[in-house]
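Chemist: Each protein sequence line maps, in turn, to chains Y and C. Per full-length UniProt numbering, residue 1 is the first one in the first sequence, and the count goes up by one each step. Per full-length UniProt numbering, residue 1 is the first one in the second sequence, and the count goes up by one each step.
Derived by calculation from the structure, the hints in this document are not laboratory data. Just so you know, not all the hints are guaranteed correct.
Identical copies look the same in the list; a pair holds intra-copy or inter-copy alike.
What the hints assert, rightly or not - Cut-off 25 Å, straight-line C-alpha distance, at most; resulting in silico cross-link-like pairs (BS3-like, lysine-lysine):
no.: 1; residue 1: 148; residue 2: 376
no.: 2; residue 1: 514; residue 2: 336
no.: 3; residue 1: 514; residue 2: 320
no.: 4; residue 1: 81; residue 2: 275
no.: 5; residue 1: 480; residue 2: 226
no.: 6; residue 1: 508; residue 2: 181
Source: prediction; values computed, not measured.
There are 2 protein chains.
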Amino acid sequence: MADYQAPLRDMRFVLNEVFEVDQLWASIPRLAEAVDVDTADAILEEAGKIAAGSLAPLNREADEAGCQWQDGEVSTPEGFKEVYQLLAEGGWMGLGGNPEYGGMGMPKMLVAQFEEMMQAACMAFGLSPMLNAGACVSLDYHASEALKQKYLPNMYAGTWAGAMDLTEPHAGTDLGIIRTKAEPNDDGSYNVTGTKIFITWGEHDMAENIIHLVLAKLPDAPAGPKGISLFLVPKILVNDDGSLGERNAVTCGSIEKKMGIKASATCVMNFDGAKGWLVGELNKGLACMFTMMNYERVGVGIQGLGAAEASYQSAVAYAKERLQSRSPAGKVQPEKAADPIIVHPDVRRMLMIQRAYNEAGRAFSTYAARWLDISKYSDDDAQRTKAENMVALLTPVVKAFITDKALESAIHGQQVFGGHGYIREWGQEQLVRDIRITQIYEGTNGIQAMDLMGRKTVMNGGEFVREYIAEIEAFIAENKSTAAAEFAMALSDQLANLQQVTDAVIAKATAGNKHAIGAAAVDYLHLFGFVSYAYMWAKMAAVAGAKLDGPDADFYSAKLTTARFFYQRLLPQTRALSEQILAGGDSMMALADHQF
Amino acid sequence: MADYQAPLRDMRFVLNEVFEVDQLWASIPRLAEAVDVDTADAILEEAGKIAAGSLAPLNREADEAGCQWQDGEVSTPEGFKEVYQLLAEGGWMGLGGNPEYGGMGMPKMLVAQFEEMMQAACMAFGLSPMLNAGACVSLDYHASEALKQKYLPNMYAGTWAGAMDLTEPHAGTDLGIIRTKAEPNDDGSYNVTGTKIFITWGEHDMAENIIHLVLAKLPDAPAGPKGISLFLVPKILVNDDGSLGERNAVTCGSIEKKMGIKASATCVMNFDGAKGWLVGELNKGLACMFTMMNYERVGVGIQGLGAAEASYQSAVAYAKERLQSRSPAGKVQPEKAADPIIVHPDVRRMLMIQRAYNEAGRAFSTYAARWLDISKYSDDDAQRTKAENMVALLTPVVKAFITDKALESAIHGQQVFGGHGYIREWGQEQLVRDIRITQIYEGTNGIQAMDLMGRKTVMNGGEFVREYIAEIEAFIAENKSTAAAEFAMALSDQLANLQQVTDAVIAKATAGNKHAIGAAAVDYLHLFGFVSYAYMWAKMAAVAGAKLDGPDADFYSAKLTTARFFYQRLLPQTRALSEQILAGGDSMMALADHQF
Chain Y
1 MADYQAPLRD MRFVLNEVFE VDQLWASIPR LAEAVDVDTA DAILEEAGKI AAGSLAPLNR
61 EADEAGCQWQ DGEVSTPEGF KEVYQLLAEG GWMGLGGNPE YGGMGMPKML VAQFEEMMQA
121 ACMAFGLSPM LNAGACVSLD YHASEALKQK YLPNMYAGTW AGAMDLTEPH AGTDLGIIRT
181 KAEPNDDGSY NVTGTKIFIT WGEHDMAENI IHLVLAKLPD APAGPKGISL FLVPKILVND
241 DGSLGERNAV TCGSIEKKMG IKASATCVMN FDGAKGWLVG ELNKGLACMF TMMNYERVGV
301 GIQGLGAAEA SYQSAVAYAK ERLQSRSPAG KVQPEKAADP IIVHPDVRRM LMIQRAYNEA
361 GRAFSTYAAR WLDISKYSDD DAQRTKAENM VALLTPVVKA FITDKALESA IHGQQVFGGH
421 GYIREWGQEQ LVRDIRITQI YEGTNGIQAM DLMGRKTVMN GGEFVREYIA EIEAFIAENK
481 STAAAEFAMA LSDQLANLQQ VTDAVIAKAT AGNKHAIGAA AVDYLHLFGF VSYAYMWAKM
541 AAVAGAKLDG PDADFYSAKL TTARFFYQRL LPQTRALSEQ ILAGGDSMMA LADHQF
Chain C
1 MADYQAPLRD MRFVLNEVFE VDQLWASIPR LAEAVDVDTA DAILEEAGKI AAGSLAPLNR
61 EADEAGCQWQ DGEVSTPEGF KEVYQLLAEG GWMGLGGNPE YGGMGMPKML VAQFEEMMQA
121 ACMAFGLSPM LNAGACVSLD YHASEALKQK YLPNMYAGTW AGAMDLTEPH AGTDLGIIRT
181 KAEPNDDGSY NVTGTKIFIT WGEHDMAENI IHLVLAKLPD APAGPKGISL FLVPKILVND
241 DGSLGERNAV TCGSIEKKMG IKASATCVMN FDGAKGWLVG ELNKGLACMF TMMNYERVGV
301 GIQGLGAAEA SYQSAVAYAK ERLQSRSPAG KVQPEKAADP IIVHPDVRRM LMIQRAYNEA
361 GRAFSTYAAR WLDISKYSDD DAQRTKAENM VALLTPVVKA FITDKALESA IHGQQVFGGH
421 GYIREWGQEQ LVRDIRITQI YEGTNGIQAM DLMGRKTVMN GGEFVREYIA EIEAFIAENK
481 STAAAEFAMA LSDQLANLQQ VTDAVIAKAT AGNKHAIGAA AVDYLHLFGF VSYAYMWAKM
541 AAVAGAKLDG PDADFYSAKL TTARFFYQRL LPQTRALSEQ ILAGGDSMMA LADHQF
């Protein structure tokens, strides 16, 4: 397997050239204070060194070794503790954190690149900083000042690690039916009792303490989702002076055997009257949780992207080295027994698909991060509202479309290796196994699609979609004489089609067809994702096309070529998706249960 | 995980109702002698019992245990030896074998169903009877009478097991560059020396002897594929009286760690001057090997199908049991905390996709087996030639399209389980890991696509494709008033489109575009596969539609509904594929190697 290298050139292209972060950051005072392009560049450089030099070399062995559970303790694979320590000491655990409590205050656009590197180097490990950051966001937004002061500094410092505890054996998607109970104590704390499953890094040996954010219900809480509250439950109780006190009644009962991300611990967590503190308001736990979830969902999209990038890098290296058969156009390396397989059109097809999806995914998640930053940091109310709408609309697409395409990308990367791709030592099969979870957790991709189609589209009469389309139309109008002009007509057609399909589903759903949203959802999310990637490729082409005569011409011409490949060989899938959506759900719903 | 049950009702539907095997078998003397519908039925019944009762229960544990290598010996997971013995004693290892040498002489259409059951129950194990059958076919067609008499009876009896040894570390797809040498001895035997890798069941403890079919080159052989010969190399030498003699110089150096089919041994085989005997003519080894490979390729398609069927059965059972959220149309089981997830449109979508692909795959592989039977058993020269053309055309599609759709099906099955699908104990993730190899071995799916597009289509000017289309057009003309009429117009459009795309690629390739075949191949194979599945669904609908008022109405109406689902929600993908193919390969080939 080729050594992973952080794709710094591509990251800088997206940040500095496509999205011109210098202008954005300078225009928002709180960001102008925290970061500039030079600082960002130094951060990228340093993160790339840690990812490639310290973390990536652990990935293969860690998958074989896995985490080990014994008597409630979880020990991590060799090297994990050291890299965790390295990240903690470098301040990386609080990279996007609130500076008031010790965070570094970096914008999500930059943090996204750091996350991609961590996930590319080792997804099982990368879950740890990702979950910690998500837990911190939730605390920062919703916890009391006292809780924030007590917990955030150590979590940003990585001394303590965050975990989120939502799922129960009978309740995953449907959190309304959870059974974990929180009973109030006189001192304002709660006793939390129940069993949570699938708790990633719920227990481990990398940090001094683990801070669980736990969904539970008060004894007299209303039934369903409106009776859920969020509690902070530390593994080890924290004294008033900040020192560690007694062990709390939180234990890890076992860890799961999984398809992939084997080096991460997926824990069954038992709370036996564990002491916890309310985060946010009573019975508003789902809202607090969703602050964290939306953050994580963008993170999960980036996970898929990172692993797909690692897959691409290995596949390219293998395709250039592996000699097998001759080019259909005649011998390319006549002195050798065969040509490198990169000469074969079908191998190129697979590599080009990886490029087309991965690079669009990087641009798209960075674009979503841009809206996250504006919604968080802008002083302009109207701009913030617009940004919030876009975050709401794009989050499920970032999570689900990037991960669906990441799996496809990694399957192609594995296929490039032929039989060697199926053997563990080459690492390609691990990437497929690892990526597969990203389509499932933090809300399955089907749930993301329901969110996009239902809450984010039908429920507001398609307003957010129209806003998004208007932005892309404005882009097209502005690029009549750039290299994006080549793609303008196709993109314009795609927008018209997206609008038409959106209207058709809204009409059906509002006319009382109860299954209209569910029957359309996943295909609609893919349609939306393809259009979004087409927008990203047009944006990248516009920038690259202006620099074809400059010093880095090979880099820019590759962007234009990959844009063409995307438009010609992948984007036509929107035709099929549209037709499928418009066909409706009758054939999907017609069978009686007993006919299955 | 639900217990696997052989889908006997569906198999009988395909055999007896869709393809009316009674008429076919009665019309071909050698088949009429060997089998009738009642015999076939009894065989299906008994095979189903072994698959569900004896083999399937081993599958999960065997995956965890894997095969163990020590000092050249491979021990198999618990229970494998016993099931192997059960199959051997029941004559199953020679089910399709030549009766002159002790085989049971059953047609491939029936054997295909047996194979599906074995693969569904445990793919890692199922490779053993499959490879044995393939090796026997190769010997039966190409070996000398003496070799056949000496080896086939024990191989059909399962006392000895067959293996095929083709790949070398530097030579997979490109067998022309193999280095294994065969030096002639005075007694007519050869000394075979070299290293083979990825040899499935190359060594194990289930049979007394292992008969390797090994590709090697004579010292003075022509370079490239025209210098390859095939040799029979037994693990233990066989005396003239048929008893076992000395150990041959064949050893298993190690076994691979793999993504899936972990309970099968994938061996590195070392031949150190091992004694072997020529099979077929010198330097015609590839032809002998392809007899076996074509047989195996249909078998690999059926592997994918079998595992996808197992995935579907589990997913349906889980979807009916798992309670989570409420139907969008209102509570279905108000007395419970939530509704079973099968009420949700997106869960149904996934299950319907599994049905649509799996059932079409079963019909399609049986249809290909029908042509294999006619090509092998018919006395009519013209019919045999037609059948050989169809076998040549359809084999790569059966191998690659069924396995590609099987992976998709199993991924959907896993997705139905949410987080539980990622945990090993439920078995769904194993099916995904296992199926993944079917897209890679016996010629990657990309190689299958090159075979279909190049050798089977462009090289004969599209003759086979026209023959196939003509058959489907005749079917449409005959079904103007059956339930297939509903699909006639769509199917007709698909045929016209397939013809047009075929002509366009042929025109481009014959005009000298060296990359035209490779650039179109995989998308073309998928286009061809979708049209073939549409044909199968129309055939199934024609039969089912006539029986909607009979005793098994639920069964037949489900067929019609699933056909509609396929036409409305999956078949539109041909639009995208066609557009992609017609866009050509320029953007695919434009990057210089260093730009990757």
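Chemist: All hints, please: hold or fail.
Modeler: Consistency of the hints with the structure:
Taking the closest pair of Cα atoms, residue 148 and residue 376 come within 25 Å of each other only inside a single copy of the chain (18 Å); across copies the shortest separation is 78 Å, beyond that limit. In this assembly of identical chains, the alpha carbons of residue 514 and residue 336 lie at most 25 Å apart only when taken from different copies (21 Å versus 63 Å within one copy). In this homomeric assembly, residue 514 and residue 320 come within 25 Å of each other (Cα to Cα) only across copies, at 20 Å, whereas the closest approach inside a single copy is 52 Å. Taking the shortest Cα distances, residue 81 and residue 275 never come within 25 Å of each other, neither inside one copy (27 Å) nor across copies (54 Å).
Taking the closest pair of Cα atoms, residue 480 and residue 226 never come within 25 Å of each other, the shortest separation being 50 Å inside a single copy and 57 Å across copies. When the C-alpha separation of residue 508 and residue 181 is checked against a cutoff of 25 Å, the pair qualifies neither within a copy, at 41 Å, nor between copies, at 69 Å.
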